[in-house]
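**Student:** Sequence:
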Amino acid sequence: MNVFATISFIAFMLCFFMGNFIYHKNPESSLNRTVAILCILVGFLAFVEFEYLQVVDFQTAYFWLKISGLWPLVPALLLHISLIFTEKKKLLRNKLTYIAIYVPALIITIFGMSTPLMLEGILREYWGWTYIFPKNSLLFILMSVWTVICIMISGTLCFLHYLKSHHIERMQAKYMLAGLYLPLLVSFSSDFVFPTVSVRLPEISMTMSTIGITFISYGIWKYGFPALTAASVADEIVSTMSNFLILLDSQKNIITVNNATSDLLEYAKNELEGFPVKKIFAEEDQEKFIFSGDYLNTKKGSNSMNMELNFVNNFELNLKSKKGLEIPVIISKSFIKNEEGLIVGIILIGNDIRDIRSVENQIASALEEKELLLQEVHHRVKNNLQIISSLLSLQSNYVKEPEDLEVFQNSQNRVKSMALIHEQLYQSPNFTHINFEDYIWSLMNYLISYYKPNRINLKIDVKDIFLGIDTAVPCGLIINELATNSIKHAFPDSMQGKIEIGLYSDGYEFELIVSDDGIGFQEAVDLETTEHLGLRLVSALTQQINGTIELDRSNGTKFRIKFRELKYAKRI
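Okay, so the sequence shown: first residue is 1 according to the UniProt record's numbering, each after it adds one.
Just so you know, these hints were derived from the structure itself, not from any lab.
As the structure is a computational prediction, the values presented were derived from the model and not from experiment.
Backbone N, C-alpha and C fix where the C-beta goes; we use that ideal spot for every residue, glycine too.
Quick list of the computed label-pair ranges, beta carbon to beta carbon: (1) Lys567 - Met495: 36 to 44 Å; (2) Glu523 - Glu368: 52 to 60 Å; (3) Ala540 - Lys459: 21 to 29 Å.
Derived lysine to aspartate or glutamate pairs resembling EDC-like cross-links, with alpha carbons at most 20 Å apart: (4) Lys459 - Asp552; (5) Lys562 - Glu511; (6) Lys562 - Asp470; (7) Lys320 - Asp263; (8) Lys333 - Glu273; (9) Lys320 - Glu266; (10) Lys558 - Glu511; (11) Lys323 - Glu271; (12) Lys333 - Glu316; (13) Lys567 - Glu511; (14) Lys88 - Glu169; (15) Lys252 - Glu273; (16) Lys488 - Glu406; (17) Lys269 - Asp249; (18) Lys459 - Glu511; (19) Lys323 - Glu283; (20) Lys89 - Glu169; (21) Lys488 - Glu401; (22) Lys562 - Glu500; (23) Lys322 - Asp263; (24) Lys322 - Glu273; (25) Lys320 - Asp355; (26) Lys459 - Asp517; (27) Lys459 - Asp438; (28) Lys278 - Glu266; (29) Lys323 - Glu273.
Go ahead and model the full structure; you've got the sequences and the hints to work with.
**Tutor:** Dropping the structure here:
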């Protein structure tokens, strides 16, 4: 058998195999499809070369050599491939680009196959039948110029892309250059350049083109080129993402799941695909909750769902694993629509939140323990203050002097006012702030029951005011001092009167008013220098809360104290 014909037949087989390989590597890629077409064309021309090299008679050889006139389409395809590879999207969107690439090639091909302008004759050489090199043929010159132009443009585009690219893209460009253009240059020299100087060599165009396609195929296998498309990237992301993903059809049946879903639920993919999504929900009403309101307007037909969305981005629910284990997850849904806006699929994406739930439970448990601890602390402080108050009360039984007894009683009341605050705190759901209206009522009820004044009316005007412990303690002591002073000294000889306590806030500062309509102070009082311990204590406590105090003696006694709540200081 003719060795050269055998080589051409091997080239034909390889081209068809590699064309199939490249196409199925990524059939969605325009580059893959165009390279596959090139492989088929070169493979066909290699088969044509095999036929005319090994036939015996003149007529059959001439027929096959005429068919080889399809060659001008090869450089056109190479130019098209280079535009796709170098991402000349603007040119590729223009129809004139395709006219400029393929119309000259088609014209040359048609004239070459239908007229003797390209093939003036054939002769038999030692490697088989070949064409007689045409002389002064305009069509042959045009084909040669056309081939050179396509090679130069394609090579320049790929070389510039090679210079600008990095890493894997540079390797891809290298294989494109080696696979598409170096073989073409070699075959162009053997088939066109040498014959012009009367040196005839066996035609190696198809063989070298096959070698070039082999370079491209190796690049595809080695570097995943040119399979890097949006679709392939999306598939890779979905398969490797840590979030679970479930794709449903319009009837809420599972089409597919990613690896994370299989790992989470311990199902194989084929155990979920085709089943209703309710299979993986721990409770049936969870499915209804997720999809409630989605199909308010439903046209008849499995793929014709129009909807008015009651759209909720995220849901917290439980999925059920193959072993029946309930898994808390946060899940979101989105819809896939066709061009008419009808739902054709649903995507569910979510995360396993077992770790988050565990941390939340630990935090809740720690907060509960903290609340119990604070409650116990305030309770014990209140009890200790109550013990101190009781000790003062017992000790006062042994005090004979009225002035000394008054000191003990005042101290006892001060301790009691602080104890009431801690009592309010451990009874309150908020361990940092207390309802000050409740506190004032408790304090005044205690003072009235302690001193048992006659014919004194009490009015308290405090609404929805809460104070932190750092502000509540000094305020409580201030009210205790001023109210005690009014009860003991403002209404002598069972005089009838009224004590008013008000606390107001404008959102910026507080105003505390403690007043009575008793006899009042007979002389002006300097709160900072007075010998009265209670009033000096009021002045000091007012300074402690960064407040100001005014005394009005025009009609009884009225203390007006303005202050802002102290910021709660962090203890840690």
